[in-house]
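S.K.: Kindly generate the complete structure, drawing on both the sequences and the hints.
Keeping their order, the protein sequence lines are chains A, B and C.
The opening residue of the first sequence carries number 394 in the working numbering; numbering runs sequentially from there.
The opening residue of the second sequence carries number 4 in the working numbering; numbering runs sequentially from there.
The opening residue of the third sequence carries number 3 in the working numbering; numbering runs sequentially from there.
Worth double-checking, as some hints may not be accurate.
[What the hints assert, rightly or not] Away from chain A, derived, C-beta distances all over 12 Å, residues of chain B:
| hint | residue |
| --- | --- |
| 1 | 7 |
| 2 | 174 |
| 3 | 198 |
[What the hints assert, rightly or not] List of simulated lysine to aspartate or glutamate pairs, EDC-like, C-alpha gap at most 20 Å:
| hint | chain 1 | residue 1 | chain 2 | residue 2 |
| --- | --- | --- | --- | --- |
| 4 | B | 98 | A | 725 |
| 5 | B | 98 | A | 605 |
| 6 | B | 61 | A | 605 |
| 7 | B | 115 | B | 138 |
| 8 | B | 98 | A | 489 |
| 9 | B | 115 | B | 133 |
[As the list claims (entries may be wrong)] Ranges of calculated distance between the beta carbons of each label pair, as one might list FRET restraints:
| hint | chain 1 | residue 1 | chain 2 | residue 2 | range |
| --- | --- | --- | --- | --- | --- |
| 10 | A | 708 | C | 130 | 22 to 30 Å |
| 11 | A | 403 | B | 32 | 29 to 37 Å |
| 12 | B | 227 | A | 530 | 40 to 48 Å |
| 13 | B | 176 | A | 530 | 26 to 34 Å |
| 14 | C | 273 | A | 496 | 45 to 53 Å |
| 15 | B | 32 | A | 727 | 46 to 54 Å |
| 16 | B | 15 | C | 162 | 57 to 65 Å |
| 17 | A | 434 | B | 136 | 40 to 48 Å |
| 18 | C | 194 | B | 45 | 45 to 53 Å |
| 19 | C | 150 | B | 22 | 24 to 32 Å |
| 20 | B | 45 | A | 726 | 46 to 54 Å |
| 21 | C | 188 | A | 434 | 46 to 54 Å |
| 22 | C | 273 | A | 530 | 26 to 34 Å |
Read the hints as simulated data drawn from the structure, not as lab findings.
Quick reminder that beta carbons are idealized off the backbone N, C-alpha and C, glycines included.
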Amino acid sequence: MMPRAWWLRDLVYLVIFVAILIGATYLIAYSETYFPAMRYYHRILVMMGINITLAVSLNIINGHAGQFSLGHAGFMAVGAYFAAFLTLYYFGPYVDRLGEGSGQQWLLQNVLLFIAVILGGIVAAIAGYVVGLPSLRLRGDYLAIVTLGFGEIIRVIILNIDKIGAARGLSGIPPWSNFFWVFFFAGLTILISIRLVNSSVGRAFLAIREDEIAAEAMGVDTTKYKVKAFIIGSCLAGVAGGLFAHFSPAYLNPTMFTFIRSFEVVAMVVLGGLGSITGSILAAIILTFLPEALRGVKDFMPGGRDPRMVIYSLMLIILMLTRPQGLFGRRELWDVLSRRKDTIPKEPRDAGDATDKLDRDAGPPVT
Amino acid sequence: MPATEPILESKNVTIRFGGLTAVSNFDLTVNPRELVGLIGPNGAGKTTIFNMLTGVYKPTEGDIRVGAVSTRDFKPYQITALGLARTFQNIRLFKELTVLENVKAGGHIHYKYSGTSAVLHTNRFHTAEEQAEEDALRLLDLFDLRSRAQYTARNLPYGDQRRLEIARALAARPRLLLLDEPAAGLNTGETAALMTKIREIRDRFGVAILLIEHNMELVMGICERIIVLNYGKTIAQGTPDQIQTNPVVVEAYLGEPVEAAQL
Amino acid sequence: MEDFLQNLLNGIAAGSIYALIALGYTMVYGVLKLINFAHGDIFMIGSFVGFYAGRYMARHATGEAASLGSAALVLLLAMLVCGIVGYLNERIAYRPLRNAPRIASLITAIGVSFLLEYGGQMVFGPDPKFFPTLVEKKIIHLGTITTTNYQFIVLAVAIVFMGLLQYIIYGTKFGRALRAVSFNFETASLMGIPTDRIISMTFVLGSMLAAVAGILYGLSYPKIDPLMGIMPGLKAFVAAVLGGIGNVPGAVVGGLLIGIIESFVGGSQFSSYRDGIAFVILIVILLFRPSGLFGRYEPEKV
Numbered sequence: 394m395m396p397r398a399w400w401l402r403d404l405v406y407l408v409i410f411v412a413i414l415i416g417a418t419y420l421i422a423y424s425e426t427y428f429p430a431m432r433y434y435h436r437i438l439v440m441m442g443i444n445i446t447l448a449v450s451l452n453i454i455n456g457h458a459g460q461f462s463l464g465h466a467g468f469m470a471v472g473a474y475f476a477a478f479l480t481l482y483y484f485g486p487y488v489d490r491l492g493e494g495s496g497q498q499w500l501l502q503n504v505l506l507f508i509a510v511i512l513g514g515i516v517a518a519i520a521g522y523v524v525g526l527p528s529l530r531l532r533g534d535y536l537a538i539v540t541l542g543f544g545e546i547i548r549v550i551i552l553n554i555d556k557i558g559a560a561r562g563l564s565g566i567p568p569w570s571n572f573f574w575v576f577f578f579a580g581l582t583i584l585i586s587i588r589l590v591n592s593s594v595g596r597a598f599l600a601i602r603e604d605e606i607a608a609e610a611m612g613v614d615t616t617k618y619k620v621k622a623f624i625i626g627s628c629l630a631g632v633a634g635g636l637f638a639h640f641s642p643a644y645l646n647p648t649m650f651t652f653i654r655s656f657e658v659v660a661m662v663v664l665g666g667l668g669s670i671t672g673s674i675l676a677a678i679i680l681t682f683l684p685e686a687l688r689g690v691k692d693f694m695p696g697g698r699d700p701r702m703v704i705y706s707l708m709l710i711i712l713m714l715t716r717p718q719g720l721f722g723r724r725e726l727w728d729v730l731s732r733r734k735d736t737i738p739k740e741p742r743d744a745g746d747a748t749d750k751l752d753r754d755a756g757p758p759v760t
Numbered sequence: 004m005p006a007t008e009p010i011l012e013s014k015n016v017t018i019r020f021g022g023l024t025a026v027s028n029f030d031l032t033v034n035p036r037e038l039v040g041l042i043g044p045n046g047a048g049k050t051t052i053f054n055m056l057t058g059v060y061k062p063t064e065g066d067i068r069v070g071a072v073s074t075r076d077f078k079p080y081q082i083t084a085l086g087l088a089r090t091f092q093n094i095r096l097f098k099e100l101t102v103l104e105n106v107k108a109g110g111h112i113h114y115k116y117s118g119t120s121a122v123l124h125t126n127r128f129h130t131a132e133e134q135a136e137e138d139a140l141r142l143l144d145l146f147d148l149r150s151r152a153q154y155t156a157r158n159l160p161y162g163d164q165r166r167l168e169i170a171r172a173l174a175a176r177p178r179l180l181l182l183d184e185p186a187a188g189l190n191t192g193e194t195a196a197l198m199t200k201i202r203e204i205r206d207r208f209g210v211a212i213l214l215i216e217h218n219m220e221l222v223m224g225i226c227e228r229i230i231v232l233n234y235g236k237t238i239a240q241g242t243p244d245q246i247q248t249n250p251v252v253v254e255a256y257l258g259e260p261v262e263a264a265q266l
Numbered sequence: 003m004e005d006f007l008q009n010l011l012n013g014i015a016a017g018s019i020y021a022l023i024a025l026g027y028t029m030v031y032g033v034l035k036l037i038n039f040a041h042g043d044i045f046m047i048g049s050f051v052g053f054y055a056g057r058y059m060a061r062h063a064t065g066e067a068a069s070l071g072s073a074a075l076v077l078l079l080a081m082l083v084c085g086i087v088g089y090l091n092e093r094i095a096y097r098p099l100r101n102a103p104r105i106a107s108l109i110t111a112i113g114v115s116f117l118l119e120y121g122g123q124m125v126f127g128p129d130p131k132f133f134p135t136l137v138e139k140k141i142i143h144l145g146t147i148t149t150t151n152y153q154f155i156v157l158a159v160a161i162v163f164m165g166l167l168q169y170i171i172y173g174t175k176f177g178r179a180l181r182a183v184s185f186n187f188e189t190a191s192l193m194g195i196p197t198d199r200i201i202s203m204t205f206v207l208g209s210m211l212a213a214v215a216g217i218l219y220g221l222s223y224p225k226i227d228p229l230m231g232i233m234p235g236l237k238a239f240v241a242a243v244l245g246g247i248g249n250v251p252g253a254v255v256g257g258l259l260i261g262i263i264e265s266f267v268g269g270s271q272f273s274s275y276r277d278g279i280a281f282v283i284l285i286v287i288l289l290f291r292p293s294g295l296f297g298r299y300e301p302e303k304v
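M.R.: Below is the structure:
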């Protein structure tokens with residue numbers, strides 16, 4: 394077989410991607426000076442990017458590997474707090490010593506942000522490993538509730554660490570994060586997710602989701618791959634957290650990471666269609682934008698009460714009732730666009746399927 | 004001729020669920036390229052034996068060896084790596100995946116590479132994936148499923164699902180293939196085709212096959228050796244001819260007076 | 003020793019409220035295998051009905067006897083309203099999804115939970131409210147420990163309703179049908195049991211118990227707000243899992259245990275970890291005894 398320079402094409406794409414991001418970042422910064430309202434849209438865009446990262450990473454755990462996790466906010470919190478801790482106490486003072494507005498400072502702060510975010514991701518991955526490992530014995534609802542519990546425990550632990558602000562919250566984090574970094578990592582997350590699912594690792598994830606026993610029988614070390622999914626997913630959530638922590642107002646509070654936050658991410662994944670990467674992305678965009686779009690409704694309400702979340706939850710319920718498989722089901726955007734539907738074979742489906750549930754010879758299970 | 008070591012050896016394998024002895028003192032040796040049938044009335048413990056051989060259940064007593072390795076403390080995926088692959092009585096395909104993906108997933112142990120390779124699309128990734136695609140398509144050809152490669156497995160007709168499950172198991176390149184009622188739910192024509200196919204698989208891949216089946220035509224037609232199980236005990240063993248004329252077997256199936264069944 | 007008894011008493015009082023909520027979780031899980039995340043919010047609605055009704059009564063009724071009677075009336079009203087909300091919840095949000103993937107129901111449950119919470123903020127206002135004094139509070143000194151008549155009322159009312167539920171489940175035709183449905187949904191429906199009606203009734207019953215819990219909670223901790231149901235709801239779910247989900251006496255024992263353990267942690271030097279302890283218990287239980295204390299856990303057959 395001909396050896397290929399496998400990295401060459403990817404490198405070109407990377408350069409193009411980064412160039413576009415830099416362009417967009419400057420465009421936003423530039424327009425902000427002329428239209429202060431852009432500040433608001435900038436923030437929404439950044440939140441979108443962070444939510445895309447969260448949704449796509451959770452989709453790896455929930456959608457691909459089929460391990461229902463309700464603890465994503467916990468991993469996000471770990472990444473956010475760890476990265477913020479680094480920059481606030483170690484990196485920030487160091488950068489401040491350099492000349493204000495100098496190119497040197499600019500470069501250093503971006504490099505340090507990158508490092509802090511990656512380290513935050515790694516610590517979150519360790520948390521994901523710790524959560525993933527014991528959770529392996531559990532399935533379905535039980536796993537969901539245990540991950541929820543872990544998320545809450547993480548939050549309670551943060552509440553008890555004075556160094557990172559405890560219940561007061563952590564303020565004064567250097568606001569180094571920006572459009573560029575958020576979408577750089579969102580793109581990276583999407584790339585990782587797409588390439589993984591189309592690889593032997595992804596096939597192992599999907600096999601576990603479809604039928605754990607059959608997957609194991611085909612030689613898939615289910616334990617290993619489940620933990621892998623948890624590690625990858627929580628690492629990326631931690632990265633999202635790190636970026637969130639450093640975006641102005643660069644303030645963290647444990648109440649930002651309750652399980653309600655986890656629910657929001659789960660809602661994105663399920664709304665998009667469990668397992669569909671593009672679905673997660675689209676749902677993340679919609680669900681970030683929706684509450685903002687509904688801001689106008691508030692003006693019609695007496696007493697300044699805010700009905701946004703009510704409408705949000707109603708829409709969630711109605712969407713689930715009308716399309717329980719999510720927007721895209723398990724398909725990706727391109728499948729939907731090309732209308733790739735399974736043609737059902739012409740032969741009538743055999744009645745033999747009725748034996749599916751019969752388990753005559755299996756004997757009682759061993760516990 | 005090289006000395007043929009048995010692929011599978013089970014000695015005194017016993018399993019108890021609470022007070023119930025589901026299988027007791029089960030001995031079995033399978034040699035390379037052998038076609039062995041495991042029959043017995045419902046509830047005789049056949050699938051339980053499969054579950055023990057593949058590591059889903061752990062025998063209460065006794066030893067199972069695959070090659071020369073004792074698999075007592077092995078997990079199912081480790082046993083698959085030793086060269087055992089199986090199908091399930093109640094088809095367990097990866098229903099939402101395509102036919103092609105099912106077979107590729109079946110060959111998991113042969114196409115492994117790291118997640119980093121997958122994300123970076125290294126040469127290792129390309130080589131493995133091309134190999135996976137090629138092998139999978141060849142298997143689909145063998146089972147006349149190539150035209151359906153992109154179908155979701157769930158949407159296949161029942162007979163195709165059964166065959167796909169065998170193809171998936173073969174993708175693991177086993178030395179011993181365990182088939183749990185491969186003909187269940189198939190009509191006469193399909194069963195006949197399956198018989199030919201099973202022989203073909205054996206000849207082509209040089210794989211030994213152990214199968215559970217209720218369809219006597221199939222069992223008697225292709226198996227070289229048959230083991231008869233009743234109430235978790237082996238009550239007879241031999242060639243199809245010997246089994247067919249064995250009074251104990253006939254009684255086990257027809258429920259004649261029991262005295263003779265006491266072996 | 004005094005601390006011990008004091009903590010124990012507080013724990014039992016809080017635990018019996020958890021237990022009442024946990025019963026609703028466990029019954030619904032029993033029949034539908036669904037974690038009804040909105041259950042904690044129904045508890046909240048019970049509290050708010052109590053708040054408005056209690057305030058109204060306080061204005062229009064006076065005297066000792068009237069106060070006791072109106073308290074009972076408030077309780078009944080809250081049960082009625084919550085029963086209706088629970089019924090509608092099942093009917094509108096869950097029943098259409100009965101054959102959809104489990105996760106869709108779970109998300110819908112979360113959606114309903116959000117709807118009740120934020121709808122509550124819309125209707126009741128987001129600020130905390132002070133629950134009216136339905137019954138006059140009396141401090142009781144038992145030796146060295148201090149308690150109130152509320153703790154005894156909570157305990158007494160909880161016991162009465164648990165007894166009532168026990169009777170309904172084991173002593174009535176409905177209860178037998180309920181147990182049948184929770185044992186095997188499909189077979190029960192084949193046997194002519196009107197499963198839909200049984201499921202509706204289960205939601206109504208569970209919601210009524212949550213209403214009782216809501217009133218008792220308001221009585222004991224008189225600051226209520228639309229998000230108050232989240233934490234007690236989750237902890238009650240933990241209690242249900244601890245006792246063995248689907249198991250009615252288990253939910254009661256689980257609720258009491260969670261209440262007592264929280265009370266002891268709250269009284270110790272680790273009091274700031276109080277909110278996390280329920281989840282630690284949950285994880286330990288699920289890892290070492292996934293069936294809970296009294297339940298059965300069935301691994302998948304091959």
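S.K.: State, for the Cβ atoms of residue 273 of chain C and residue 530 of chain A, whether the hinted interval 26 to 34 Å holds or is violated.
M.R.: Holds, at about 31 Å.
S.K.: CA of residue 98 of chain B to CA of residue 489 of chain A, is that 20 Å or under?
M.R.: With a Cα-Cα distance of about 57 Å, the restraint between residue 98 of chain B and residue 489 of chain A is violated, given a limit of 20 Å.
S.K.: Is the nearest Cβ of chain A still more than 12 Å from the Cβ of residue 7 of chain B?
M.R.: holds, 25 Å
S.K.: If you check the beta carbons of residue 194 of chain C and residue 45 of chain B, does the distance land in 45 to 53 Å?
M.R.: violated, 29 Å
S.K.: Within 45 to 53 Å or not, the Cβ separation of residue 273 of chain C and residue 496 of chain A?
M.R.: holds, 51 Å
S.K.: With respect to the beta-carbon atoms only, verify the hint that residue 403 of chain A and residue 32 of chain B lie 29 to 37 Å apart.
M.R.: Check failed, 52 Å falls outside 29 to 37 Å.
S.K.: Taking the beta carbons of residue 176 of chain B and residue 530 of chain A, is their distance inside 26 to 34 Å?
M.R.: holds, 31 Å
S.K.: So the hint says 57 to 65 Å: do the beta-carbon atoms of residue 15 of chain B and residue 162 of chain C match that?
M.R.: holds, 60 Å
S.K.: Would the least Cβ to Cβ distance between residue 174 of chain B and chain A come out above 12 Å?
M.R.: Violated, because the least Cβ-Cβ distance between residue 174 of chain B and chain A comes to about 8 Å, which does not exceed 12 Å.
S.K.: Is the hinted pair residue 115 of chain B and residue 133 of chain B satisfied, with a Cα-Cα distance of at most 20 Å?
M.R.: holds, 12 Å
S.K.: Is it true that the C-beta distance of residue 227 of chain B to residue 530 of chain A lies inside 40 to 48 Å, as the hint says?
M.R.: At roughly 42 Å between Cβ atoms, residue 530 of chain A and residue 227 of chain B fall inside 40 to 48 Å, so the hint holds.
S.K.: Given a hint of 46 to 54 Å, does the C-beta separation of residue 45 of chain B and residue 726 of chain A actually sit inside it?
M.R.: Given range 46 to 54 Å: holds, Cβ gap about 49 Å.
The structure is inconsistent with the numbered hints 2, 8, 11, 18 and 19, although it conforms to all the rest.
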